[in-house]
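Starting from the known structure of chain U, arrange chains H, S and F on it as the hints suggest.
There are 4 protein chains.
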Amino acid sequence: MHIGLIGLGKMGFNMRARLRQGGIEVTGYDRNPEVTDVESVEALVAALPSPRAVWVMVPSGQITDSVIDQLGGLLDAGDLVIDGGNSRFTEDQKHAAQLAEKSIRFVDCGVSGGVWGLENGYGLMAGGSKEDIESLLPVFDALRPEGERSDSFVHVGEVGAGHYAKMVHNGIEYGLMQSYAEGYELLAAKDIITDLPGTFRAWQKGTVVRSWLLDLMVKALEEDPGLASIDDYVEDSGEGRWTVEEAIANAVPAPAITAALFARFASREDSSPANKMVSALRNQFGGHAMKPAK
Amino acid sequence: MHIGLIGLGKMGFNMRARLRQGGIEVTGYDRNPEVTDVESVEALVAALPSPRAVWVMVPSGQITDSVIDQLGGLLDAGDLVIDGGNSRFTEDQKHAAQLAEKSIRFVDCGVSGGVWGLENGYGLMAGGSKEDIESLLPVFDALRPEGERSDSFVHVGEVGAGHYAKMVHNGIEYGLMQSYAEGYELLAAKDIITDLPGTFRAWQKGTVVRSWLLDLMVKALEEDPGLASIDDYVEDSGEGRWTVEEAIANAVPAPAITAALFARFASREDSSPANKMVSALRNQFGGHAMKPAK
Amino acid sequence: MHIGLIGLGKMGFNMRARLRQGGIEVTGYDRNPEVTDVESVEALVAALPSPRAVWVMVPSGQITDSVIDQLGGLLDAGDLVIDGGNSRFTEDQKHAAQLAEKSIRFVDCGVSGGVWGLENGYGLMAGGSKEDIESLLPVFDALRPEGERSDSFVHVGEVGAGHYAKMVHNGIEYGLMQSYAEGYELLAAKDIITDLPGTFRAWQKGTVVRSWLLDLMVKALEEDPGLASIDDYVEDSGEGRWTVEEAIANAVPAPAITAALFARFASREDSSPANKMVSALRNQFGGHAMKPAK
Amino acid sequence: MHIGLIGLGKMGFNMRARLRQGGIEVTGYDRNPEVTDVESVEALVAALPSPRAVWVMVPSGQITDSVIDQLGGLLDAGDLVIDGGNSRFTEDQKHAAQLAEKSIRFVDCGVSGGVWGLENGYGLMAGGSKEDIESLLPVFDALRPEGERSDSFVHVGEVGAGHYAKMVHNGIEYGLMQSYAEGYELLAAKDIITDLPGTFRAWQKGTVVRSWLLDLMVKALEEDPGLASIDDYVEDSGEGRWTVEEAIANAVPAPAITAALFARFASREDSSPANKMVSALRNQFGGHAMKPAK
Numbered sequence: 001m002h003i004g005l006i007g008l009g010k011m012g013f014n015m016r017a018r019l020r021q022g023g024i025e026v027t028g029y030d031r032n033p034e035v036t037d038v039e040s041v042e043a044l045v046a047a048l049p050s051p052r053a054v055w056v057m058v059p060s061g062q063i064t065d066s067v068i069d070q071l072g073g074l075l076d077a078g079d080l081v082i083d084g085g086n087s088r089f090t091e092d093q094k095h096a097a098q099l100a101e102k103s104i105r106f107v108d109c110g111v112s113g114g115v116w117g118l119e120n121g122y123g124l125m126a127g128g129s130k131e132d133i134e135s136l137l138p139v140f141d142a143l144r145p146e147g148e149r150s151d152s153f154v155h156v157g158e159v160g161a162g163h164y165a166k167m168v169h170n171g172i173e174y175g176l177m178q179s180y181a182e183g184y185e186l187l188a189a190k191d192i193i194t195d196l197p198g199t200f201r202a203w204q205k206g207t208v209v210r211s212w213l214l215d216l217m218v219k220a221l222e223e224d225p226g227l228a229s230i231d232d233y234v235e236d237s238g239e240g241r242w243t244v245e246e247a248i249a250n251a252v253p254a255p256a257i258t259a260a261l262f263a264r265f266a267s268r269e270d271s272s273p274a275n276k277m278v279s280a281l282r283n284q285f286g287g288h289a290m291k292p293a294k
Numbered sequence: 001m002h003i004g005l006i007g008l009g010k011m012g013f014n015m016r017a018r019l020r021q022g023g024i025e026v027t028g029y030d031r032n033p034e035v036t037d038v039e040s041v042e043a044l045v046a047a048l049p050s051p052r053a054v055w056v057m058v059p060s061g062q063i064t065d066s067v068i069d070q071l072g073g074l075l076d077a078g079d080l081v082i083d084g085g086n087s088r089f090t091e092d093q094k095h096a097a098q099l100a101e102k103s104i105r106f107v108d109c110g111v112s113g114g115v116w117g118l119e120n121g122y123g124l125m126a127g128g129s130k131e132d133i134e135s136l137l138p139v140f141d142a143l144r145p146e147g148e149r150s151d152s153f154v155h156v157g158e159v160g161a162g163h164y165a166k167m168v169h170n171g172i173e174y175g176l177m178q179s180y181a182e183g184y185e186l187l188a189a190k191d192i193i194t195d196l197p198g199t200f201r202a203w204q205k206g207t208v209v210r211s212w213l214l215d216l217m218v219k220a221l222e223e224d225p226g227l228a229s230i231d232d233y234v235e236d237s238g239e240g241r242w243t244v245e246e247a248i249a250n251a252v253p254a255p256a257i258t259a260a261l262f263a264r265f266a267s268r269e270d271s272s273p274a275n276k277m278v279s280a281l282r283n284q285f286g287g288h289a290m291k292p293a294k
Numbered sequence: 001m002h003i004g005l006i007g008l009g010k011m012g013f014n015m016r017a018r019l020r021q022g023g024i025e026v027t028g029y030d031r032n033p034e035v036t037d038v039e040s041v042e043a044l045v046a047a048l049p050s051p052r053a054v055w056v057m058v059p060s061g062q063i064t065d066s067v068i069d070q071l072g073g074l075l076d077a078g079d080l081v082i083d084g085g086n087s088r089f090t091e092d093q094k095h096a097a098q099l100a101e102k103s104i105r106f107v108d109c110g111v112s113g114g115v116w117g118l119e120n121g122y123g124l125m126a127g128g129s130k131e132d133i134e135s136l137l138p139v140f141d142a143l144r145p146e147g148e149r150s151d152s153f154v155h156v157g158e159v160g161a162g163h164y165a166k167m168v169h170n171g172i173e174y175g176l177m178q179s180y181a182e183g184y185e186l187l188a189a190k191d192i193i194t195d196l197p198g199t200f201r202a203w204q205k206g207t208v209v210r211s212w213l214l215d216l217m218v219k220a221l222e223e224d225p226g227l228a229s230i231d232d233y234v235e236d237s238g239e240g241r242w243t244v245e246e247a248i249a250n251a252v253p254a255p256a257i258t259a260a261l262f263a264r265f266a267s268r269e270d271s272s273p274a275n276k277m278v279s280a281l282r283n284q285f286g287g288h289a290m291k292p293a294k
Numbered sequence: 001m002h003i004g005l006i007g008l009g010k011m012g013f014n015m016r017a018r019l020r021q022g023g024i025e026v027t028g029y030d031r032n033p034e035v036t037d038v039e040s041v042e043a044l045v046a047a048l049p050s051p052r053a054v055w056v057m058v059p060s061g062q063i064t065d066s067v068i069d070q071l072g073g074l075l076d077a078g079d080l081v082i083d084g085g086n087s088r089f090t091e092d093q094k095h096a097a098q099l100a101e102k103s104i105r106f107v108d109c110g111v112s113g114g115v116w117g118l119e120n121g122y123g124l125m126a127g128g129s130k131e132d133i134e135s136l137l138p139v140f141d142a143l144r145p146e147g148e149r150s151d152s153f154v155h156v157g158e159v160g161a162g163h164y165a166k167m168v169h170n171g172i173e174y175g176l177m178q179s180y181a182e183g184y185e186l187l188a189a190k191d192i193i194t195d196l197p198g199t200f201r202a203w204q205k206g207t208v209v210r211s212w213l214l215d216l217m218v219k220a221l222e223e224d225p226g227l228a229s230i231d232d233y234v235e236d237s238g239e240g241r242w243t244v245e246e247a248i249a250n251a252v253p254a255p256a257i258t259a260a261l262f263a264r265f266a267s268r269e270d271s272s273p274a275n276k277m278v279s280a281l282r283n284q285f286g287g288h289a290m291k292p293a294k
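Chains as they are written, first to last, in our numbering: chain U, 1 to 294; chain H, 1 to 294; chain S, 1 to 294; chain F, 1 to 294.
One should not assume that every hint holds.
Far from chain S, some chain U residues (derived; all Cβ distances over 12 angstroms) [stated by the list, open to error]: (1) Gly9; (2) Leu48; (3) Ser50; (4) Pro59; (5) Asp65; (6) Leu74; (7) Glu91; (8) Ser103; (9) Ser135; (10) Pro225; (11) Asp236; (12) Glu245; (13) Ser267; (14) Ala289.
Pairs of lysine-lysine residues, derived as DSSO-like cross-links and limited to a Cα-Cα distance of at most 30 angstroms, are as follows [what the hints assert, rightly or not]: (15) S/Lys10 x F/Lys294; (16) U/Lys291 x H/Lys10; (17) F/Lys294 x S/Lys219; (18) U/Lys10 x H/Lys294; (19) U/Lys130 x F/Lys219; (20) F/Lys94 x S/Lys294; (21) H/Lys294 x U/Lys219; (22) U/Lys219 x H/Lys219; (23) S/Lys130 x S/Lys94; (24) S/Lys291 x F/Lys130; (25) S/Lys294 x F/Lys10; (26) S/Lys291 x F/Lys219; (27) S/Lys10 x F/Lys291; (28) H/Lys219 x S/Lys219; (29) H/Lys291 x U/Lys291.
What the hints contain is simulated information worked out from the structure, not anything from laboratory work.
In this text, a Cβ means the ideal position worked out from N, Cα and C, and glycines have one as well.
Looking at chain U on its own, in the form it has when it is part of the complex (with noise of 0.2 angstroms):
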């Protein structure tokens, strides 16, 4: 099988080491020269076999839209394109129903592994057509683990159901980070802890808390054991959002993984409008001392 991957980045990169591993044939645009294969979006479209599969892998909003834009003026009806980005599932429809104008196919991939991605294989989760979903199989075959296709691979549902899945994966990382970041201050806030890397370590193996982030916890505690090289700002990047967004919509609870999104804002503010007031306060009613600004 020959695809076509737009967007060679710290994700997309990757991915095509793994497909070409895997035995499929990739051609790649990236807008930097020195990672793309052909000099153009054109010339990859012109690369590929018909029926063609062209998977997007760019930055979810506007880049997202004027590559699908692009795609849309042209490939051919009964080709394909998938969304393997983090856009919004309320995006794929509108994307669909774009290159349905033109008999052009749809299928949205949520993509899970990081970096890490290219050695261990990336979990998926696809939106789309039976059909559509089928035609693509050698290609989800080639980016997954090993193993059985079920424990790395599914097919959650219609247009927009894999980007939706992908999204709830990501909000539930933001509440298991937070999880374990709390359990990490609390054992750092104790002084009868002396071995506190140690103790993530060995969590490891054999206990109820083991996971993978919990393995990269430990190799980051092996690389700077008290985390003094780094800030305690926290990035967000927009699928948090989206998932607390999707609870509010769908009035469904979801309060480890707002809260996990509170912190990274919380982290985000050299000062608060919202605790400063609060001291305003408790210094009108009792006459408590407030700290000057700095």
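Okay, now just chains H, S and F, sitting in the frame of chain U:
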């Protein structure tokens, strides 16, 4: 009526004044020679008519313990001690039992109103026997605002119930302050809001959120419209922690009050170990950049 | 002054009465023939002096949309529409732009006070141009409580700012209600509290937590001291959700308000899928018994 | 090596088996005559070589207290007691001091792995002196999974540190379970998801959220795909509460873990007094309908 009052700080000093305005004779003692009426607790005890009533208004914990110890040694059977400070309710039964060995009576009384109590009167929540509480009604009536007694005074229950109610009152206060403060920050974050202090001001009459705390926020914003002069560091003085501990002990979900408590904890961290760990994890799995420590 | 008022439900009906008491001439329209003054919106428009002012007080969303559509077709250049309902602030710019095509002016106004507004007056938060707002001051003055205008009315900012402020006001309201409710449950859980309604009653004067919502809780507890007659199911009507969505959009931590929203969601679940999963997991790893489904 | 093991319930029974498989001689005692090796604790003590090592694996609290009391009366100077149950870490120093009066040594050891430990091995977190811990290495090595000792065993610190680490481990476990469960509910709420169990199954390999708990969820969903057979009532057994209490004691924000704990509390309420109060308040200010009690 003539009572003793030990502790003439921010609260006790004003309470002495209000009691005297209300026709109660007060002998006050404080370690601070500039405010005390007598030179010692012994002198205070000697000055009071029998059966004596001594109102203790000192910081909770060790200082309250030692004052009650001392009173236990100086008072006579039939005398009455009132703990009006912010003692944990679990301390009350201990203090009551200790004094009961010498047939000294005990009442706990939560006092709310802060530095404004002198002017506005105090809200009072008392725990103890019906007889003991009734013997103190003239004192309670002088301290509380004018009007119906039941609007500002309650005999909550047995010994400890007054401080339990005051603890819950303060826990609620945490949640109220946090709620307003979150709203304040949401207004501050939005550039279409061109009159933020005016918005709080306009909530004072007619709206569902009108309250005394809101009036104080209006005052705070009049003094410093952007709260620019103060830091976002917020102290806590125990009752919020106890409230959450009681929520845990009684299996009562208390997410809003707990959120308020945790926001204060977070406000006091120069750098959050938990957030650092989340940042380190994002780097491990996704290659996301970490901000270097300052 | 003479204005039109569309929507004479729980809010609009009382507002018409208060406006008339305040000397404003009002022509009201409602689909309900028992309360309407005129037979149609057309008749309402025909009854008003030029330039007309029409206050819309109908449910947000489709109904507001269709009323504004209709007014756009009936009003003339220079007329003014006020949306006093609980529209999302993002709707206001859409409505303003739609009406501006015909040179019809638009003001949004958040109205707080509930069913008590007739008696107490309403708190008002308006968004729009200075000129438009000023032309409505007689109306605002009739609706709001007596006293200083700035205590109950604010020109928050441009179009949309009034509803944004009202949305935040309602978000705060969620947090306040949740905080009091958690305190209520903490008191109810403790057997040493022998006068729970009396405790809330005594918080009304003097305490830091005194507020109008507290006064209403006292009323509710007078009517049903143990709240035995009502279910624990709690509806929500949108503003709480929007507030949390704005928190997310602006990266503002809002844990107390969000806790209040999630508590309502949870109150409406007959059975929580999330809790079932936790129970199933405890069984899987620890052999802990699961309760069978009812 | 030959040790005593008191308590042969869900955990102890399996641990005896695993220890024996690992070449450790074990004399076990349980009140249940069907599983015990000896008739009494006295007989167990008599059967052990000197210096004796007795591993206590009974419910925390009073039962652990009484077993340790009893051992204090039966053991000799130089003998060693290991508390492998889920005692609160604050109990350990009390137990250690009590036994030290008779020169009996004490080690606390958190044991994780649940009913799967027999097969997979247990994760172990030990607190005590270096010498005491080292004397028990053959026991720890038999209990833990094969492979590197540091992947499943840690000497966390002095007496109490093992149980502190286990408490934090369990607190993290609460947060992890809650996070997955929220994600499960978000998937269940969305009709475009047509293969929910398959989605969890596909997360097992390759994804960032892969973990042992996830594997157990897959198992639970295989046994009951919609979790229809079980109720949403979730018990808690103490460690989650203690974790939040430690968060409070150490001023560490722990919102995700606390959310998990409160979700369990809420799951056990037939009717929430807090939610009733919110419903009553909405009725008071807005005339919103209340649902009558069932």
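Checked hints:
no.: 1; hint: Gly9; verdict: 24 angstroms, holds
no.: 2; hint: Leu48; verdict: 40 angstroms, holds
no.: 3; hint: Ser50; verdict: 43 angstroms, holds
no.: 4; hint: Pro59; verdict: 19 angstroms, holds
no.: 5; hint: Asp65; verdict: 20 angstroms, holds
no.: 6; hint: Leu74; verdict: 35 angstroms, holds
no.: 7; hint: Glu91; verdict: 17 angstroms, holds
no.: 8; hint: Ser103; verdict: 34 angstroms, holds
no.: 9; hint: Ser135; verdict: 34 angstroms, holds
no.: 10; hint: Pro225; verdict: 29 angstroms, holds
no.: 11; hint: Asp236; verdict: 8 angstroms, violated
no.: 12; hint: Glu245; verdict: 6 angstroms, violated
no.: 13; hint: Ser267; verdict: 9 angstroms, violated
no.: 14; hint: Ala289; verdict: 18 angstroms, holds
no.: 15; hint: S/Lys10 x F/Lys294; verdict: 27 angstroms, holds
no.: 16; hint: U/Lys291 x H/Lys10; verdict: 19 angstroms, holds
no.: 17; hint: F/Lys294 x S/Lys219; verdict: 23 angstroms, holds
no.: 18; hint: U/Lys10 x H/Lys294; verdict: 27 angstroms, holds
no.: 19; hint: U/Lys130 x F/Lys219; verdict: 26 angstroms, holds
no.: 20; hint: F/Lys94 x S/Lys294; verdict: 44 angstroms, violated
no.: 21; hint: H/Lys294 x U/Lys219; verdict: 23 angstroms, holds
no.: 22; hint: U/Lys219 x H/Lys219; verdict: 51 angstroms, violated
no.: 23; hint: S/Lys130 x S/Lys94; verdict: 19 angstroms, holds
no.: 24; hint: S/Lys291 x F/Lys130; verdict: 44 angstroms, violated
no.: 25; hint: S/Lys294 x F/Lys10; verdict: 27 angstroms, holds
no.: 26; hint: S/Lys291 x F/Lys219; verdict: 18 angstroms, holds
no.: 27; hint: S/Lys10 x F/Lys291; verdict: 19 angstroms, holds
no.: 28; hint: H/Lys219 x S/Lys219; verdict: 29 angstroms, holds
no.: 29; hint: H/Lys291 x U/Lys291; verdict: 27 angstroms, holds
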